[in-house]
Amino acid sequence: MKRLSLSQAFWFLLRRDLLLGFRNRSELANPLLFFVLVITLFPLAVGAEPNLLARISPGIIWVAALLASMLSLDAIFRSDFEDGTLEQMLLSAHPVPVLVLAKVTAHWLVTGLPLLMVAPMLAMMLGLDESAYGILLLTILLGTPVLSLIGSIGVALTIGLRKGGIILSLLVLPLYVPVLIFAASAVDVSSVGLDAGAQIKMLMAFLFLALSLSPVATAAALRMSMS
Amino acid sequence: MSSLLQTRDLSCVKDDRVLFEDLNIDLKAGQILLVEGKNGSGKTSLLRILTGLSLPETGEVLWQGDPISEVGPDYYEQVNYVGHHDGIKRDLTCLENLRLVQAMGKPLPIDLDEALEKVNLYRFGENFVATLSAGQKRRLAMARLVVTEALLWIMDEPFTSLDKASMAMFQRMFEQHLDNGGVIVMTSHHDIEMPDSDVVRLNLSE
Amino acid sequence: MSLSEFLNMGGYAVFVWSSYGLTLGVLLINWWLPFQQHKQNLKKLKRQYRQDRKRNDSSS
Amino acid sequence: MGSPPHFYRFAGRWLPWLTGIFAIFLIVGLYGGLVMAPPDYQQGESYRIIFVHVPAAWMSMFIYMVMASCGIIVLVWRMKMAEIVLISSAPVGASFTFLALVTGSLWGKPMWGTYWVWDARLTSELILLFLYLGVLGLYGAIDDKRVAGRAVAILAIVGMVNIPIIHYSVDWWNSLHQTASLTKFEKPSMPPSMYVPILIMALAFKIYFVLALFQRVRAELLYRERNSRWVEELVQS
Chain L
1 MKRLSLSQAF WFLLRRDLLL GFRNRSELAN PLLFFVLVIT LFPLAVGAEP NLLARISPGI
61 IWVAALLASM LSLDAIFRSD FEDGTLEQML LSAHPVPVLV LAKVTAHWLV TGLPLLMVAP
121 MLAMMLGLDE SAYGILLLTI LLGTPVLSLI GSIGVALTIG LRKGGIILSL LVLPLYVPVL
181 IFAASAVDVS SVGLDAGAQI KMLMAFLFLA LSLSPVATAA ALRMSMS
Chain Z
1 MSSLLQTRDL SCVKDDRVLF EDLNIDLKAG QILLVEGKNG SGKTSLLRIL TGLSLPETGE
61 VLWQGDPISE VGPDYYEQVN YVGHHDGIKR DLTCLENLRL VQAMGKPLPI DLDEALEKVN
121 LYRFGENFVA TLSAGQKRRL AMARLVVTEA LLWIMDEPFT SLDKASMAMF QRMFEQHLDN
181 GGVIVMTSHH DIEMPDSDVV RLNLSE
Chain C
1 MSLSEFLNMG GYAVFVWSSY GLTLGVLLIN WWLPFQQHKQ NLKKLKRQYR QDRKRNDSSS
Chain R
1 MGSPPHFYRF AGRWLPWLTG IFAIFLIVGL YGGLVMAPPD YQQGESYRII FVHVPAAWMS
61 MFIYMVMASC GIIVLVWRMK MAEIVLISSA PVGASFTFLA LVTGSLWGKP MWGTYWVWDA
121 RLTSELILLF LYLGVLGLYG AIDDKRVAGR AVAILAIVGM VNIPIIHYSV DWWNSLHQTA
181 SLTKFEKPSM PPSMYVPILI MALAFKIYFV LALFQRVRAE LLYRERNSRW VEELVQS
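Chains as they are written, first to last, in my numbering: chain L, 1 to 227; chain Z, 1 to 206; chain C, 1 to 60; chain R, 1 to 237.
Hints in this document: simulated from the structure, not taken from any laboratory.
Treat the hints loosely; a few may be bogus.
As the list claims (entries may be wrong) - Lysine-lysine pairs mimicking DSSO-like chemistry, simulated, CA-CA at most 27 Å apart:
no., chain 1, residue 1, chain 2, residue 2
1, C, Lys54, Z, Lys14
2, C, Lys43, C, Lys54
3, C, Lys44, Z, Lys28
4, Z, Lys137, Z, Lys164
5, Z, Lys38, L, Lys2
6, R, Lys206, R, Lys80
7, C, Lys39, R, Lys109
8, L, Lys2, Z, Lys28
9, R, Lys145, C, Lys46
10, R, Lys80, R, Lys145
11, C, Lys46, Z, Lys137
12, C, Lys44, Z, Lys14
13, Z, Lys14, L, Lys163
14, C, Lys54, C, Lys44
15, L, Lys163, R, Lys206
16, Z, Lys137, Z, Lys106
17, C, Lys46, R, Lys206
18, Z, Lys14, C, Lys39
19, Z, Lys38, Z, Lys14
20, C, Lys54, C, Lys39
21, R, Lys80, C, Lys39
Could you put the whole structure together from the sequences, leaning on the hints where they help?
Quick look at the structure:
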């Protein structure tokens, strides 16, 4: 019998991780809940003045999305690391970057995509101008995968550490800056009726760059961490 | 007969301690290498270097004469590794786990039910691994030897938490693998009964 | 230009001199710390080797 | 150069010379910047901070590039010396980044009336400082230093790929919000009496970097190789 082709292996691993995600669905709700909670804190802290909230809502939503995505990062490789399947993955006959990409994709589907669904509700609560909803969803769709991809490098570097959590945020947050700038700006300008095409194109460029480079770096970092 | 697995002047240093130095191993088809030694003598480190997971301080590992760092995935395809961790997922059933194992390696044309039968787990096929006992998990981990095709088996304490009957069962499996021209490297606290001609012993504590 | 005029830096003395002072300070610390550490390491190793040798002599 | 004992001796031989050359350049640079250069017609004497601020900012970038290059050498050729150079550069780089930030804000106070403005250069430097701290933090967190060396190599390369993107993003973000900028001095219109001292100071800082690096590499080598024969011979002679 021949071994699976590359795309078959990719889909197999993706399906497995989605299945595992589905079986642990109670854990999936956590980043989502965190996202909603952080956003709830802002009106309580800065006051419920509608103009102010509407003005800062793109920034708030994006900072909260970024933190939520960062908090869920550890789950990409944690359980595989602990039960030894990560080891087996590195010893598999398939190129590791492709397997990494499958895992990150699955992780984004179960933690990033749900953000997309609650974002309009939160935007409404903060009074974001309705004309910006489309762009908000588009930035989340393009931006959060980049966060997961960059984050996977950080997780791979810190997976073997007992106190990896705080180091992970130190490594990953500075690298998130470009996504934050362009995504928040896109929502911001479209809420005042301007064109956000340039920002969206930048986010797309980031996504392609991250898709092509980060799995390789993550694979190298995993090899390093497991040795 | 030509050598399958060789090491050349292998040395390993961990936390400033030299675990082993100038290690030269030469294994031919049909041979089993038993790695012995005290705790912390570098057994696991050696096994992980042989799989390619870890890098040696100096020296190299050769597969059919070529350094494994150059052979890459074609080497991994030839290796089945059973480590300290079972490498199976708690939240998948036994069958699902075996399918995963096959997807990651080079699958053998064997019915998965039959494979489960071979390791005495047929009745738990649809059960989640989380519900299995430690010994059953170990047997499932060892089932990767049955469902994928690999010449080189590397096993770290494969008999942990196994009972006498299972141990005997796996020993028969090992003998069969050697008869088919395979190679085995393993560590074990339990002695195994094999024809002496096939067994190479290496004690890292000496 | 008199010395006091130079030191005064046109009224910006605090900013200019603290910048330069801080820079020199940081450079100095960065030079001194590894220097100290190196000396410390040498001392530590000397002691360690001496002990090792003693142990070897008594055992042989 | 690749062998530790050789590098150790080489660095030891060069250290006094480098220190001397650095002192000469530093004195010439300081004299040029503080005495020779005329006051700026707009900012008076306060602009003299650029003679440390701009070279420090250049160094902060330069040292990260050195680290990333070492990172590539570590990953491709698995050279131990490159690992040590990489991690020994990081504290020096972080120091220069810190200096660029502090002198920038000391310069900003007379210019803008506050110590901190979200200026493009200062913001980029701040993020760069975080990147440096990330490298240092990761190295410190991993116990096995061989593994740690390879981990920071990967991180440095990832950071290097990101730095241009971060810079570009921050510049773009800054132009959107129209705040004051420190960049006006990098225009070619600067007279030689100003840019020559900047260049001399930059050279002095580069020499300082090599010298501080040698110092650190020597200490690190001695520690890492404490079980090898050459260290034993060296210590006992």
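Evaluation of the provided hints:
Of the pairs offered as hints, the one joining Lys54(C) and Lys14(Z) holds, with about 26 Å between alpha carbons and a cut-off of 27 Å not exceeded. For the hint pairing Lys43(C) with Lys54(C), the CA-to-CA distance comes to about 17 Å; that is within 27 Å, so the pair holds. Simply put, Lys44(C) and Lys28(Z) have alpha-carbon atoms about 48 Å apart, too far for the 27 Å limit, and the pair is violated. Pair hint Lys137(Z) plus Lys164(Z) holds up; C-alpha atoms about 16 Å apart against a cutoff of 27 Å.
Proposed proximity of Lys38(Z) and Lys2(L) is contradicted: the alpha carbons are some 41 Å apart, above 27 Å. For the given pair, Lys206(R) sits about 23 Å from Lys80(R) by alpha-carbon distance, which is consistent with the 27 Å threshold. Using a Cα cut-off of 27 Å, the hinted pair Lys39(C) and Lys109(R) is violated, with the two alpha carbons roughly 41 Å apart. A hinted pair counts as satisfied when its Cα atoms are at most 27 Å apart, and Lys2(L) with Lys28(Z) qualifies at roughly 26 Å.
Pair hint Lys145(R) plus Lys46(C) holds up; C-alpha atoms about 23 Å apart against a cutoff of 27 Å. Taking the CA atoms of Lys80(R) and Lys145(R), the gap is about 11 Å. The hint holds against a cut of 27 Å. With a C-alpha separation of about 52 Å, the suggested pair Lys46(C) and Lys137(Z) falls outside the 27 Å cut-off, and the hint is violated. This hinted pair checks out: Lys44(C) and Lys14(Z) have alpha carbons roughly 21 Å apart, not beyond 27 Å.
The suggested pairing of Lys14(Z) with Lys163(L) holds, with an alpha-carbon distance near 21 Å, which does not exceed 27 Å. Pair hint Lys54(C) plus Lys44(C) holds up; C-alpha atoms about 16 Å apart against a cutoff of 27 Å. Distance hint between Lys163(L) and Lys206(R) is unfulfilled; the C-alpha atoms sit about 36 Å from each other, more than 27 Å. Between Lys137(Z) and Lys106(Z), the direct Cα distance comes to roughly 22 Å. Compliance with the 27 Å bound is thereby established for this hinted pair.
The hinted pair formed by Lys46(C) and Lys206(R) fails the criterion: a straight-line CA distance of about 34 Å is larger than 27 Å. For the hint pairing Lys14(Z) with Lys39(C), the CA-to-CA distance comes to about 26 Å; that is within 27 Å, so the pair holds. The suggested pairing of Lys38(Z) with Lys14(Z) holds, with an alpha-carbon distance near 15 Å, which does not exceed 27 Å. In summary, the hint linking Lys54(C) to Lys39(C) is supported, as the alpha carbons are separated by about 23 Å, within the 27 Å threshold.
Proximity of Lys80(R) to Lys39(C) is assessed by CA-CA distance (about 23 Å); at most 27 Å being required, the pair is judged to hold.
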